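Engineer: Sequence:
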Amino acid sequence: MIEKKQKSFYLFWISLALGLIILLILFLTADWRTILSKLLLLTAFEFVIIFSIRFSIFLIGVWQWSRVLRSYHYHVSLADLLISSLAERCVTFFTPILYVGGEGVKAYTIKKIAKVPMKEGLASVIVQRVIEFGTIFLFLLLSGIYLIIQNSPISWLVAVLLGAFILFLLFVILLYAGFINLSIFFKKKKNMGKINKIFTKIIEFKDVVIQFFKTNRGVFLNNSLFALLTIFLYLIQFKLIFYFLGYQVSWTGIIAIYIITTIVGFIPIPGALGTYEGSAILIFSALGLTSSLALTFTLINRATFLIIISFGLLTLFQFTFTRMNQLIFNNHDSLINGETKETN
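Going by our numbering, the final residue of the sequence shown carries number 344, and the count climbs one at a time with no gaps.
Hints listed in this document are in silico derivations from the structure and should not be mistaken for laboratory results.
The model shown is predicted, which means the values in this text are computed figures rather than measured ones.
Here a beta-carbon is modelled for each residue, glycine too, at the ideal position from N, C-alpha and C.
Be aware that one or more of the hints could be misleading.
[What the hints assert, rightly or not] Pairs of lysine to aspartate or glutamate residues, derived as DMTMM-like cross-links and limited to a Cα-Cα distance of at most 25 Å, are as follows:
{"hint": "1", "residue 1": "K201", "residue 2": "E103"}
{"hint": "2", "residue 1": "K214", "residue 2": "E132"}
{"hint": "3", "residue 1": "K206", "residue 2": "E120"}
{"hint": "4", "residue 1": "K239", "residue 2": "E103"}
{"hint": "5", "residue 1": "K111", "residue 2": "E132"}
{"hint": "6", "residue 1": "K119", "residue 2": "D207"}
{"hint": "7", "residue 1": "K214", "residue 2": "E46"}
{"hint": "8", "residue 1": "K197", "residue 2": "D207"}
{"hint": "9", "residue 1": "K112", "residue 2": "D207"}
{"hint": "10", "residue 1": "K206", "residue 2": "E103"}
{"hint": "11", "residue 1": "K115", "residue 2": "E204"}
{"hint": "12", "residue 1": "K201", "residue 2": "E120"}
{"hint": "13", "residue 1": "K197", "residue 2": "E103"}
{"hint": "14", "residue 1": "K115", "residue 2": "E103"}
{"hint": "15", "residue 1": "K112", "residue 2": "D80"}
{"hint": "16", "residue 1": "K206", "residue 2": "E132"}
{"hint": "17", "residue 1": "K197", "residue 2": "E120"}
{"hint": "18", "residue 1": "K119", "residue 2": "E204"}
{"hint": "19", "residue 1": "K239", "residue 2": "E46"}
{"hint": "20", "residue 1": "K119", "residue 2": "D80"}
{"hint": "21", "residue 1": "K115", "residue 2": "D207"}
{"hint": "22", "residue 1": "K214", "residue 2": "E120"}
{"hint": "23", "residue 1": "K239", "residue 2": "E132"}
{"hint": "24", "residue 1": "K112", "residue 2": "E204"}
{"hint": "25", "residue 1": "K111", "residue 2": "E204"}
{"hint": "26", "residue 1": "K111", "residue 2": "D207"}
{"hint": "27", "residue 1": "K214", "residue 2": "E204"}
{"hint": "28", "residue 1": "K119", "residue 2": "E103"}
[Said to hold, decoys possible] Taking CB as the label site, the calculated pair distances span:
{"hint": "29", "residue 1": "V130", "residue 2": "L41", "range": "38 to 44 Å"}
{"hint": "30", "residue 1": "A44", "residue 2": "T215", "range": "22 to 28 Å"}
{"hint": "31", "residue 1": "I149", "residue 2": "Q211", "range": "36 to 42 Å"}
{"hint": "32", "residue 1": "L24", "residue 2": "I173", "range": "19 to 25 Å"}
{"hint": "33", "residue 1": "Y99", "residue 2": "T43", "range": "26 to 32 Å"}
{"hint": "34", "residue 1": "L59", "residue 2": "R302", "range": "18 to 24 Å"}
{"hint": "35", "residue 1": "R302", "residue 2": "F133", "range": "20 to 26 Å"}
{"hint": "36", "residue 1": "I14", "residue 2": "W251", "range": "35 to 41 Å"}
Can you build the whole structure from these sequences, using the hints too?
Structural biologist: Structural data, given as structure tokens:
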């Protein structure tokens, strides 16, 4: 177990170092004079509009989660869900894959804030992730096929990355199926002690997740439609960035940029450092756009995302500080009560 944690630790730092090296190379070879001149074209009001779209996407995700939690009979305020979601987004940014990693934090914080049991809380998070990723994958697949049929200069790039992404998903599905079969096998072994209990809990958790999809088709459909809405909001955000910078990029090009940059986010490098910027330069070049514009585009997108991450970091600090105070005061009260009993 210790060796496995050490390997994960080393792999994290190796992937982070690799991403930073790629990012450093791209930044050292960039035309910063051109990039800064493009950034200065963006007014504060225009940036607020771009950030508002990004934050609206985030708030839609919070509302979708509340719908899933209600299906488990837990009515939690949007303010509490917002705190947990901000904390999760911050942690996820520092995990190897840009889109996953902070689910446990999300479930734990909502347990402490709103008394939602860990099993139901984590199940609701996983359910929402499945809905989001399922909708994104369907959009990537259909739009990718459309771009390939169009036989444009970017068709080959979309085809290669989409094919690699599909192979990755098949691998994940097979890994999940193997893990579930292994869990069922150990669950049946009555003389395995703690191992049997662990795998029994895993199977029970899986049943809680699957139960949602069997009994809440209305919520599933509703959240899927809103997940599709968030994709269109991303496309509008991309379109506005180009418009504010004085460029007219076709919707086909916008969709291609979304496809490539989204798929690259699954490469196991924390924050998609370097890979996000590199993929943007690649797709921009295929579209006949400059690398300076690609880096300008990624910097603006990074800025909107990092503002939300900053809110999440503050939320985590506040949550940790509050928890530490509660533990200190609880221990203090326990000591006082213990001394009082001894005196009596």
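Engineer: Now, for every hint given, state plainly whether the structure supports it.
Structural biologist: Status of each hint after checking the structure:
no.: 1; hint: K201 / E103; in the structure: 18 Å, holds
no.: 2; hint: K214 / E132; in the structure: 17 Å, holds
no.: 3; hint: K206 / E120; in the structure: 11 Å, holds
no.: 4; hint: K239 / E103; in the structure: 31 Å, violated
no.: 5; hint: K111 / E132; in the structure: 22 Å, holds
no.: 6; hint: K119 / D207; in the structure: 11 Å, holds
no.: 7; hint: K214 / E46; in the structure: 44 Å, violated
no.: 8; hint: K197 / D207; in the structure: 15 Å, holds
no.: 9; hint: K112 / D207; in the structure: 24 Å, holds
no.: 10; hint: K206 / E103; in the structure: 15 Å, holds
no.: 11; hint: K115 / E204; in the structure: 20 Å, holds
no.: 12; hint: K201 / E120; in the structure: 12 Å, holds
no.: 13; hint: K197 / E103; in the structure: 22 Å, holds
no.: 14; hint: K115 / E103; in the structure: 17 Å, holds
no.: 15; hint: K112 / D80; in the structure: 10 Å, holds
no.: 16; hint: K206 / E132; in the structure: 18 Å, holds
no.: 17; hint: K197 / E120; in the structure: 18 Å, holds
no.: 18; hint: K119 / E204; in the structure: 9 Å, holds
no.: 19; hint: K239 / E46; in the structure: 12 Å, holds
no.: 20; hint: K119 / D80; in the structure: 18 Å, holds
no.: 21; hint: K115 / D207; in the structure: 21 Å, holds
no.: 22; hint: K214 / E120; in the structure: 16 Å, holds
no.: 23; hint: K239 / E132; in the structure: 22 Å, holds
no.: 24; hint: K112 / E204; in the structure: 22 Å, holds
no.: 25; hint: K111 / E204; in the structure: 19 Å, holds
no.: 26; hint: K111 / D207; in the structure: 20 Å, holds
no.: 27; hint: K214 / E204; in the structure: 15 Å, holds
no.: 28; hint: K119 / E103; in the structure: 12 Å, holds
no.: 29; hint: V130 / L41: 38 to 44 Å; in the structure: 40 Å, holds
no.: 30; hint: A44 / T215: 22 to 28 Å; in the structure: 48 Å, violated
no.: 31; hint: I149 / Q211: 36 to 42 Å; in the structure: 39 Å, holds
no.: 32; hint: L24 / I173: 19 to 25 Å; in the structure: 36 Å, violated
no.: 33; hint: Y99 / T43: 26 to 32 Å; in the structure: 31 Å, holds
no.: 34; hint: L59 / R302: 18 to 24 Å; in the structure: 20 Å, holds
no.: 35; hint: R302 / F133: 20 to 26 Å; in the structure: 22 Å, holds
no.: 36; hint: I14 / W251: 35 to 41 Å; in the structure: 39 Å, holds
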